[in-house]
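Mapped onto full-length UniProt numbering, the consecutive letters of the sequence shown carry residue numbers 1 to 108.
If you are wondering where the hints come from, they were derived from the structure by calculation, not from laboratory data.
Hints may contain errors.
Simulated crosslink set (EDC-like; lysine to aspartate or glutamate; CA at most 20 Å straight-line) [said to hold, decoys possible]: (1) K25 to D43; (2) K62 to D77; (3) K62 to E83.
All of these numbers come straight from a predicted model, not from anything done at the bench.
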Amino acid sequence: MADFLPYKAEYAKSDRSSCKACKAKINKDTLRIAAVVQSPSFDGVIPKWYHYICFFAKQKPKAVGDIENFENLSWDDQEKIREKVASIASGAEVEAVNGKGKKATKRG
């Protein structure tokens, strides 16, 4: 299997896709971003599409270089994504999740 980037961005080609987070329809020509994951039914990958806002609530890309097709987006959309990725990298987005998770327990 060929290498692939973990994320993909494009403008919706139709209005048939739906967001994996909020389950609402993604309208045609709207910016959508996918997490590219291994398919459970065949030897390949599939995109799980999200609205721009929903994507960053669920996914935390480390760099815009991880997003396939990024350079083909409009400049305004590239800037929006760059700012969001930069805020994640700086730790501004992580503060909300600190303190959650399982605590370590002693074995003995």
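Hint by hint, here is what the structure shows:
no.	hint	result
1	K25 to D43	violated (27 Å)
2	K62 to D77	holds (17 Å)
3	K62 to E83	holds (12 Å)
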